[in-house]
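Numbers in my numbering are just positions in the sequence shown, counted from 1, shifted up by 209.
Hints in this document: simulated from the structure, not taken from any laboratory. If you're wondering where the values come from, they're calculated on a predicted model, not measured in any experiment. Fair warning: there could be bad hints in the mix.
[Stated by the list, open to error] Here are the simulated DSSO-like pairs of lysine-lysine, each with C-alpha atoms no more than 27 Å apart in a straight line:
#1 LYS353 / LYS340
#2 LYS411 / LYS353
#3 LYS301 / LYS340
[Said to hold, decoys possible] Label pairs and their calculated CB-CB ranges:
#4 LEU289 / ASP346: 29 to 35 Å
#5 SER232 / SER256: 31 to 37 Å
#6 GLY341 / VAL396: 55 to 61 Å
#7 VAL239 / HIS357: 28 to 34 Å
#8 LEU345 / ALA247: 33 to 39 Å
#9 ALA247 / ALA323: 15 to 21 Å
#10 ARG319 / LEU289: 32 to 38 Å
#11 VAL239 / GLU385: 49 to 55 Å
#12 LEU345 / LEU318: 50 to 56 Å
#13 GLU385 / LEU333: 24 to 30 Å
#14 GLU399 / LEU345: 56 to 62 Å
#15 GLY341 / ILE290: 15 to 21 Å
#16 ALA243 / LEU289: 26 to 32 Å
#17 LEU289 / ARG348: 24 to 30 Å
In this text, a Cβ means the ideal position worked out from N, Cα and C, and glycines have one as well.
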Amino acid sequence: MVNAEEVKEYVKTASLAESGIISIIQAGAVSGGAGLFAGGIIGTIRSPRPAIFATALGAESFLLGSFFWFARTSLCKAWLIEPSSPPEDRVKVSATAGGITGGLGGALLRPRSAVIPATLIFTLLGYAGQKGYNYLDARHTNEKQLAHAEDRLPRKSFWQRVANSKYSPMKVLSDEDYEKVLKEKMVRMEAEIALIDEDIAKLESQATQDRDSS
210 MVNAEEVKEY VKTASLAESG IISIIQAGAV SGGAGLFAGG IIGTIRSPRP AIFATALGAE
270 SFLLGSFFWF ARTSLCKAWL IEPSSPPEDR VKVSATAGGI TGGLGGALLR PRSAVIPATL
330 IFTLLGYAGQ KGYNYLDARH TNEKQLAHAE DRLPRKSFWQ RVANSKYSPM KVLSDEDYEK
390 VLKEKMVRME AEIALIDEDI AKLESQATQD RDSS
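With the hints as constraints, model all of the structure from the sequences given.
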């Protein structure tokens, strides 16, 4: 029997995942953890109260990361951008979301003079981050395709690999290579037979001339 509480919990989790709340919290947690770590290092060097400094920077990073992912998710839905969309579209979305996040964060958490610099910096961060992710994703996809193609090829035995080595005087021939070798030998034999036929014809012609002269 399926427990009713488990069904309700599954439906709740599925609805949260569909709305993107879980991914927003995850993005905020990752950025908050990075901010907390960086704040601990910077606070130890520059602040008389490193724990408070690290906590404040971690909370600020959590808010900025969460809002960035919220803005990006909203733009993807508004612009009808899916995971299968071209990489350039995802770059535009991330750069735009970064600019919005930087502008809002600069307006709320910093003086007004920091709004434009924060907007530019976060736009570049969103652009560069998405570009880097696209590059790594394409590289990973190509590696998986190459590995899949290699798995589909017939595996050679140990002695075949040894024989095909450049240091080996022998070589294991495939069916196509063996057929090519046979064709070359047949052409060579036909050429030799043609030369022999020419020599025989010359000898017969000379013998006929000798009989006629005698």
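Now the hints, each set against the structure:
1. LYS353 / LYS340: Satisfied, since the Cα-Cα distance of roughly 20 Å is no more than 27 Å.
2. LYS411 / LYS353: Given that 27 Å is the threshold and the Cα spacing comes to 67 Å, the pair is violated.
3. LYS301 / LYS340: OK: LYS301 and LYS340 at ~10 Å, within 27 Å.
4. LEU289 / ASP346: 29 to 35 Å: Violated, since LEU289 and ASP346 (Cβ atoms, about 20 Å apart) do not stay within the stated range.
5. SER232 / SER256: 31 to 37 Å: Distance hint for SER232, SER256 holds at roughly 32 Å.
6. GLY341 / VAL396: 55 to 61 Å: Given about 57 Å between the Cβ atoms, the range holds.
7. VAL239 / HIS357: 28 to 34 Å: holds (30 Å)
8. LEU345 / ALA247: 33 to 39 Å: Once the Cβ atoms are compared, 22 Å apart, the range 33 to 39 Å for ALA247 and LEU345 is violated.
9. ALA247 / ALA323: 15 to 21 Å: holds (18 Å)
10. ARG319 / LEU289: 32 to 38 Å: holds (34 Å)
11. VAL239 / GLU385: 49 to 55 Å: holds (53 Å)
12. LEU345 / LEU318: 50 to 56 Å: violated (31 Å)
13. GLU385 / LEU333: 24 to 30 Å: Between GLU385 and LEU333, where Cβ atoms are some 54 Å apart, the hint is violated.
14. GLU399 / LEU345: 56 to 62 Å: holds (58 Å)
15. GLY341 / ILE290: 15 to 21 Å: 18 Å Cβ-Cβ, so the 15 to 21 Å window holds.
16. ALA243 / LEU289: 26 to 32 Å: holds (31 Å)
17. LEU289 / ARG348: 24 to 30 Å: Since the Cβ atoms of LEU289 and ARG348 sit about 27 Å apart, the hinted range of 24 to 30 Å holds.
The structure is inconsistent with the numbered hints 2, 4, 8, 12 and 13, although it conforms to all the rest.
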